Structures are given as C-alpha cells and as structure tokens.
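Student: Residue numbers (my numbering), protein chains in the order written: chain Y, 1 to 573; chain E, 1 to 676.
One or more hints might be untrue.
[To be verified] Restraint ranges, calculated between C-beta atoms of paired labels, are given here:
{"no.": "1", "chain 1": "Y", "residue 1": "LYS271", "chain 2": "E", "residue 2": "ASP417", "range": "18 to 26 Å"}
{"no.": "2", "chain 1": "Y", "residue 1": "ARG441", "chain 2": "E", "residue 2": "ASP274", "range": "51 to 59 Å"}
{"no.": "3", "chain 1": "E", "residue 1": "ASP274", "chain 2": "Y", "residue 2": "GLU431", "range": "48 to 56 Å"}
{"no.": "4", "chain 1": "E", "residue 1": "ASP607", "chain 2": "Y", "residue 2": "ASP416", "range": "43 to 51 Å"}
{"no.": "5", "chain 1": "Y", "residue 1": "GLN267", "chain 2": "E", "residue 2": "ASP417", "range": "52 to 60 Å"}
By construction, these hints were calculated from the structure, which means they are not laboratory data.
In this text the structure is predicted, and so the values were computed from the model without any measurement.
Just so it is clear, CB atoms sit at the ideal spot from N, CA and C, and this is done for glycine as well.
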Amino acid sequence: MSGYQGKKNIPRITSDRLLIKGAKIVNDDQSFHADIYMEDGVIKQIGENLIVPGGVKTIEAHGRMVMPGGIDVHTRFQMPDRGMTSADDFYQGTRAALAGGTTMIIDHVIPEPGVSLIAAFNQWREWADHKSCCDYSLHVDITEWHKGMQEEIEALVKDHGVNSFLVYLAYKDIFQLSDAQMYEVFSVIRDLGAIAQVHAENGDIIAEEQKRVLGLGITGPEGHVLSRPEEVEAEAVNRSITVANQTNCPLYITKVMSKNAADVIAQARKKGAVVYGEPITASLGTDGTHYWSKNWAKAAAYVTSPPLSPDPTTPDYLNSLLACGDLQVTGSGHCTFNTSQRAVGKDNFTLIPEGTNGTEERMSIIWDKCVVTGKMDENQFVAVTSTNAAKIFNLYPRKGRIAVGSDADLVLWDPDSSKIISAKSHHVAVEYNIFEGLEVRGAPLVVISQGKIVLEDGNLHTTEGSGRYITRKPFPDYVYKRIKARSRLAELRGVPRGQYDGPVCEVTVTPKVMTPVISGKTSPVKSAPQPVRNLHQSGFSLSGAQIDDNIPRRPTQRIVAPPGGRANITSLG
Amino acid sequence: MAERRLLHQDDDNGSLLSKLGTDSPKPRVKFGGMFCNIEGAYENKTLNFESYSPGSSRRNHKGRVDDQKDNFSDTSSLSNFSSASQTQPNPSSASPGQTIVYPTGHNRAQNGKREGDKLIIKGGKIVNDDQSFYADIYIEDGIIKQIGENLIVPEGVKTVDAYGHIVIPGGIDVNTCLQASHLGMSPADDFYHGTRAALAGGTTMIIDHVVPEPGSSLMSAYDQWRDTADKRSCCDYSLHIDITRWHDGLFEELETLVKDKGVNSFLIFMAYKDQYQSSDTQIYEMFGAMRDLGAIAQVHAENGDIIEEEQKNVLDLGITGPEGHVLSHSEEIETEAVYRAITIAKQANCPLYITKVMSKSAADVIAKARKKGMVIYGEPIAASLGTDGSHYWSKDWAKAAAFVMSPPLNPDPSTPDYLNSLLACGDLQVTASAHCTFTTAQKAVGKDDFTLIPEGTNGIEERMSIIWDKAVATGKMDENDFVAVTSTNAAKIFNVYPRKGRIAVGSDADLVIWNTKETKLISAKSHNLTVEVNIFEGMECRGFPVVVISQGRIVLEDEKLNVIEGSGRFIPRKAFPDYVYKRIKARGRMADARGVPRGNYDGPVHDVISMSKSVLSTPTTRGPMCPGKTPLGPGRNLHQSGFTLSGTQSDDHIPRRTAQRIVAPPGGRSNITSLS
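Okay, chain Y solo, but in the shape it has when bound (with noise of 0.2 Å):
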C-alpha cells in the first residue's frame, strides 16, 4: 500500500499502538481467532502470539467478534437547505456514527445552482476537516448540466479523488435532469471511471400529484408520502437502469425505500445490469405509517425522499434482498432537522426539509433485523455494512477489510448487548428519533477510528477535526472489470452495403435531422467527429491520455496483452 495522501498533515501522537487479544476476526468471506496489533493507525500485524513491544494497550477482547468498521455511505450532514443547515453537523454527525459503530461516512456534496462543483467541493472539505471525527469521503451532486461541466468532474476525478457523482431525477425544476441530459452525464461519468449515483423518484409526476393533493385540501406529512406513491419511485429506477445501460455506465441507485424499487434492481441485475442499490436505515428499521400520525411534529421527523413506503412489511423485504444480495449496501440518508425548521412546512407539507437521522442507529437495526433473525451471517453483515461499499467506492481494502496494512477502523461487536433507541439518549442534535422505541440488540463495545480507541465502556472520545479526506481513485476494480469488458465488446457494426442507386423520393419539408438540443448542452464527449470515421476504432476507448496517466505505475490497468488475446471483432469472420 503505497502512501495516501492527506495522512502526513493530520496531526497525531506517533507512537499510538494498541492491541486487541483473542478477538475473532470478522471479513465478509470467513472468521478466525487471531490477536490484532496496530501501529500509527495502520494494522501492521494479524495472527496468534504476537512479538509486540512492550507497553502497548491491549484490549482483551475474550472471543467477540471484531469486524472493519461500518462505512455509511450516504450522508448529508451539515446539508443547507433553504437558508437552513441539517441539524446535525460534520461533528455531531461523525460523533454519532462512531458511538454506532461506523468509522467512515461518504457525504453528498450538493452545490447550489450557479455554483460552481469545485467551490462546492472545497467549501465541503473545509467544513468536514475542521470537524469532522472520523474519516470521511465526499460524492458530488450534479444539479444542473451545461457545458463546462464535464471539465470540473474531470477535475474531480483527477485531482481531487471524486469517483461518485449523483444526479436528480426528482425535485422539478430545482434539481432534476432530463433523461437526456443524464444520458450525457452517464457517458462521461462512464468515461472518466466513476460511478453514477441517482436519486430515484420522477419529479414530474411528483409535481402534479402534489398539486393534486394539496388542491384535495391535504397539507400534512401524509401529503409527502401521498404524493410520492411507491410505483413513482420504481419508474424513476427503471429509467436509470435503462439509461445506465445504454450508456454502459454503472450505476447506484441511492435510497431504495420500496418493495417495488428493489424488485426492479433486482430484475436488472439478473439481466446482468452493473447497478448497485443502497437502503437505508429507515427503510430497512422502520415503515411510512408514521406518516399518518396525529401527532404533526412526529410525522414531519419521517418526511425523506424517496418516502417510508406505509406497507409495515417492506423493511422485511429489504432485508432480506439485502441478505440475498440483490440489494449490497447500506447507507444511512441522515440528514436531520430540528422540529422548528420542519415546522417551516407545517401548513403545506413540500416545505417541510426532509432527511431522517439513521447514522447512529445503522448498524445495530442491521443487525437486530438481519443477523438476529437468521436472514443473514456476520459475514454477510460486514459485507453490507462496510466491505461491499469500500470495493464499489474504491477504498477497498484500505476500508472494510481486517487485513495487515489495512487502516486501524475496527469495532468490537457485541451482540448480546440489547438496548432501546431512544432521542433521550442517542448523540444526534434533533429532538426526535424515527427509531423511537425500537429495541434492538447488537452494539460495538469499543470502537477504534484511526487506530485510538473512541468508543469504551459507553463513552465517547473523539477529537473534532481529526477525521481525514480520503481520496478515491476512478475505474474500481470492483464495478469496471465488467464494465470495460463489455465496452470492448458492444462494438456496433453497420452493414457493408454497395451504394444505392435506386430512385430516391424529393423531399420539400426540411429533413428531421438531429435538431441541435435547445439548451446547448449537448455532451462535450460527443462533438461532431471526423465525417469519415474509422470504423475500426471503437466508440469507448481507452487509448490516448488517461486520468492516470501521470502516476507512473498502474496496477490496475491492463490493456497491452490480454490474456487469451485480442479479441479480432473488427472482421466479419
């Protein structure tokens, strides 16, 4: 593992060295009994009977299961919405996912319109190193598209170590694209290697159906959810997929909230789509019925879009695609606001900020709803809650893995502990918890972040700033292996035809030739090529400068001399 950037300027004590004895090791593939030894943060060495120097700390972990630490994916902390800021910042936020258990957060950068994505990006960075206790990684919302756009992704990726860019298809006329323009936005994302996330819900019809239910005189939190039907929410899946697989993009759809969302993932992925579906917290612990409860600043806390879908048995069903594999990981989607600012919407339910918190509470609720209940092992469990994400996002095995030169995030799980959520105790800023009640057993005992312990004996010991941005590299192994194949594959060849020299009608209307988009915001990838191509080169090439080029050695990156050699699809055989 060679050096990641960003480690040198974080300050810390050297000689931070910390052993965990008779612990059982926990990966996504298998267990086994072994001592673990860190040193400056990093693993430096797994097995029995370890050489350590003298002096070092040693947990005693009397064969509990000690597992990568959890990596949510999906997070909004300090989000501004409104002139509003989510409730919960960089620190509360990170504060709470360690005391749950996770030891990376991936958050979303959302610019305003008219804000640039790179001053969006840094103005992210600066508030997460200043506060931010665990370390943290950053996605990138496209909330519009023009031109121009594609060099500040290409920037990004490049520089500034972005893999994960996510487009709107709902919020009409603030965020959402067009179907063409996320075709645009698929193709260079699939270019530059990243990955294509979107937030799934047609905005259209979400428009009008609130205007229809606010016109039936409903102005509740259970106008959000009667606005925003399950059937909604899969059609906006289904579209990605179909774009994403025109485009031979991969794909990650985020907050899957729905049996009939989830069963649409798990269609395309039997048909071989590459896409990757995320539920959340909420959806997995708890349902829309809420929604509907007298109590208004209670429903308010559930409002999140794609919504709670009110059938009581989906969290199950997500569960258990979870445990099969149709649905890989799981985020959180926290994003809290205080019952002031939900109240902003208390007469009309589209103002009402939406977000649920779900960070803390993420790896319990998994566990309680999924290893408990048999649905799935504590391997599986890894999987879902750390290791699937760190290979789609890149960090793997830096992340989600127990392995010698992986970072020193571990957790010491504890699944007998059985405790009640509750916004009494829990260590989000807001004065509701979603999860209010629900008693769940399974919770870390210790965590370590960066190889110092921050979790012990129920308290809490993190340091504000001390989390670190952590850089990932485009084209994942993970989810570009097949992506690549099939580029090299789905060559399109027209037929050699003579001329034809038959009659050819007059034509007195104006041909209907590509009619130049109104917006101007054609694709910079596709300006007009040469008019007589070479048919021989392919449309998706990997030839010529690539992102990372400039680094001299690439492991990854074969292309001279595969194995089985080049497959000849240029002749017609």
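Once you've looked at the hints, dock chain E against the given chain Y.
Tutor: Showing chain E alone in chain Y's frame:
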C-alpha cells in the same frame, strides 16, 4: 425457410468468435446479392417514378380487375347488390387516367341504408368471441337481421355458400396510418389502397391515426382526415387523434372532439424528441383530462431522449444503414417508456393503451402491470407477430429499409412466438397492423442516414392470416380467441361493440367467411398494396378470407375484389366505454386521499430566508390546470370523491347528433350516462 437455413450454414462455417463484437444476428445472406428485388415484385406494378405522390399514380395499374369498379363509383347510388352479383370483370376497359367522381355526402349517407341489399349466408359455422355455432345469417340493409336455421327470407336473395368454412366478424384494424405524411411524403397506401387491402385480408373496419401537422389544430386535422377518408375509404373507419403539440386550448379541443366528433382515443408520443414528444408532466395532465372525458389514452412508448443520443452515437460510428435504426432503438428503450407510461396512468387513474408492442420485455411489463390490476391494453402488430428484426442486417438496402419502423422489430427471432403466446393467454388483447407504407424511393430519402428513413411497415392485409397461422394453426388459441383479438376486444375497448366485433342480430353486416384449411403465399407479387417490398415476403399462411362482406355487400368473392371508393362510413365512438371505464369509475370513487385532522402546530418555526423550493412557484407549461384538477377550496368535504361523474356530462347539452347514429344498438343500450 431458405433464409434461415442459409443463416445456420453460415454460423457453422464461421468461427466461434465471428459473432463477437456485435449484438446483432449475423447479416443475412440473401440470394441474388445486392439490391436484388423480390423476383417479379415489379411485374404487375407500374413503378411510376414521375409522380411520387402515391395518391395519384395508383389508378392506372393494368390487370387489376377491381379498379374498374371505380368507374361506376357510386354517384348513381346504384344498387350495390347488383354490383356485387356482377362479379364478371371487364378486363378491356382498364383505362388509365379515369375520372373519379366522388360521392357527395348525401349519397354517402344513402349508402348506409341501401335498399334491397339482401344476402343470406348458409351453412357456415358462426364464430363469436364467446362461442361457435352453426346457423344461417340473413342480412338486409347492411345489418344482420336474422340468425338461425331455416330462416324465412324474401325471394331472390343472393345466397352465399359457407359450407366447410367459418363465419367470423370482420376484423378491426385499430392502428393504421393511411394519411399521415412524413417529411411531406404521403404514405404509399392511402385511404383507398389501404382499406382495399384491408378488405382483401378480411378486415372490415380500420381506425386511422390523425397526425396533426405542427401548427395545425386538432380540429382542422380531424376535418382534413374526415374529408379524405369519406371520399376514399372503402370500408368503415374511425379515427384516433395524435397529440403532437402542446398548445393553448388543447383541452377545449379534446372536449369538443369527444363530445361532438365521436373520437374517444388520443395518442401521446413519448418519442420523436423536439417533434412530437411530450414531457412526463404533459402526459400526466393529458391522462387526467382524458380520464375526465372518458377517453382512452394511447401512447407511442419509446424514450425519445435516449433515442436521440443513441442515434448520434450510432451515426458517429459511421453506421448509416437501416441496421442503425434498430441499434439506436434498443428494446430497453421501449420497455422503459412502457413502464413509465403505466406509472403515470396509474397515478392519474386513466386507462392506458400501448400501441405497437414490439418486444418481449415490453410485453412482459404490460402483463405484469395487468397482474397488479392496472387497466391497460397492449397492441402487438402484424409485423411484430409475423416477423423479426434480423432483416435490418439484410445486404439489400431496399429490403432492410422496408422494415424500418418505431419501435423497431426485435432482432430476437423468438419474439413473434412469444408475443403470440401472450396474445393467446390474454396478456395482450388487441392486434393492429400499424400499416404505414412508403415506396422504396420514398424510403431512399434516408439512404445515407437511417434517421431520415420514413418509418412504417405493411400489415393491413396480412394481419388476420398471420395471426391465424401463428396462433390458431399452432394451437395457441382457438377460433373464438382469434375473433376476440382480431375484432371483438378492439370493438369493446373503443366502444363500437356490439355494432362491430360480433355476429348478432342488429350488428353491422361486416362478416368474413374464413377458409381454415388451405394456405396462401404472401408476396409482393400478389398483394394488394402499392409498395414493392412486403416484409412478410415468402411466408405461407394457413387461413385466409374466401368471402368478405362489408356493410352487407360482398367485396371479396372468388378472389376478386369489388370495392367502392368512398363507401366507407365514419363510425363515431362514444366516451366512457363500459369495457374500460367500469373499473376506472369504481376506482375513482375509492381512490380518495384523506388528510389527518390535527390541531395546529403551535411550536417554534424556523425562519426561512429563500423560498426557492416552493412548489407553488413552479412554472407550469400551461396556464390553467387540467380540468377536473382545479384546486378546491380549503373547506373541502373529504367525503366527496375527487372523481365524480355526477353533474354536467360531456354530452348533456347536445339534443341529438346526426353523427351519433346508434339509436338502438343490438343487445340493448348500455346506460353509461347515469351512475345508477
């Protein structure tokens, strides 16, 4: 089939990797090589290149017996019965450039009730969609008067012998484009040639699509279509209206069309970006409006945004031939749009009708939505049921181009079989032809750019035979199912049942005597169309019409067509078809969303600086909200349904309309204006 065999040989010879790098089947090797025409395709046809406007050039084909009947049109409102019995052709009088005198509206009206037009069909097995039985049928004045054995009929009635054959209701072709021009070119088969071919194939009613040119109103386009069809159509027809443009007053026009003009179905395009395509918002509003009017929403389901991007891609790759058409319109694009249309229709509680189901996965989506209880209908067409899209890779440009249509034929050769199975099991309900043909010269407009090839295939004549051959002869469905998918279901959905689509006393005398035993070869040499290429070329179909009776008149007998230009009547269709709207009405009463009565929230409220996300400020494409969606006052009675049929109805104010001639339909009147 020779082609198939050739294909297999080719596969054997080629290396295993020969197919690598293409998602298409291997190009078909066609005997004869480049630009071979179907042998003899031109023999009977004068390819008149001087005039490409297809309407004018067609009248001087030699050796077409029936054309001469044009001479006596029906200016003299002559006894059709006599013309029917006068089947002896007059081969010598084929004079090119004959003048056609169009019947006036008055004369046409008389055609409807011809005096003394009497006919008895004896010995046939009557096949309806529910049962088959042996009986004779007595027809008078274009209407079935008696059904039974040993009928008492007047003297001198012409007897048609149907022994050994089945008698079925004439086919209804619910999707044709006989008039809509493309890039200023009119289709090769206009209302005359199209309906003539339809009759030759056993179809006695068509529903054509009115495609308003950009800039013209729906009403003027409708009038234009009516005008042409009244003069040219040889069989009864009705009209769908396509919504090609979004403009002020659109909803008022829709209302007028439904109330006064007898149109109850409108098509919305999800494809043809920047031309016809509607946004999701527009589709939603349109669906809401149609539900309130009691009309049926049809969609052309393809994602236009993706198609445009893909077309750019494919052209960039240097692919300009017809194969580019199918490469840029992949199956998923169709499926996605079907899925989206269903989602919107579900939200708007509007019945949905998907035109042109061309692929397995699109059909699957429809079948699944029906299982969930959606009111949705799928229409596979003759082309998707009879052939597949492997021909796009034909070396013969003219042949490949003949298959170009949207959504394209699927390159998967198992598609037709699959669609036929779904049709047989009821997951798909209606069949059409989407007949819209262009001559090779017209198609050649796109010889260097597949996006310019005018789209459309033939099928109006072949539809019934193909379905019989693929579905009934193979045992997928029985003869009753056959009647259902070719005629009855369409009549029910579009509210012309039981006037059409059923053999019953009081129904229109549109009948077909169907030979189920022998086979017929489909070929451009022998078909009744004006195009040089038939996409079903060489297919042998078991089952074909022996006698076709339209409006009580024999139009096909002894393999001779005897049609009268302009004899076709416009069939108005009323709103709120029972078959479709019974469920919708019930759901409209149920689907009432209700708020939770709460006290006012009186806690602290955060100050908001910018109210950017307000929905109310969302600019809508259109000023007024769609009718029926008008915002209600805050003090709304929650016990009242959002969808109501009480109060004024669309046809309340019209005392009696001449166009609406169903005074006493057979089987009694369905009482659809009162909710009871």
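Student: Given the hint of 52 to 60 Å, check if GLN267(Y) and ASP417(E) actually sit that far apart at their C-beta atoms.
Tutor: 22 Å, violated
Student: For ASP274(E) and GLU431(Y), compare the CB-CB distance with the range 48 to 56 Å and indicate the outcome.
Tutor: With Cβ atoms ~50 Å apart, the hint holds.
Student: Go ahead and decide if the range 51 to 59 Å is satisfied by the Cβ distance of ARG441(Y) to ASP274(E).
Tutor: For ASP274(E) against ARG441(Y), whose Cβ atoms are near 58 Å apart, the range 51 to 59 Å holds.
Student: Just tell me: holds or violated, for the beta carbon distance of LYS271(Y) and ASP417(E) against 18 to 26 Å?
Tutor: This hint holds: roughly 20 Å between Cβ atoms.
Student: Could you check the hint for me, namely that ASP607(E) and ASP416(Y) are 43 to 51 Å apart, CB to CB?
Tutor: With Cβ atoms ~47 Å apart, the hint holds.
The structure does not agree with numbered hint 5 stated previously, though it agrees with all others.
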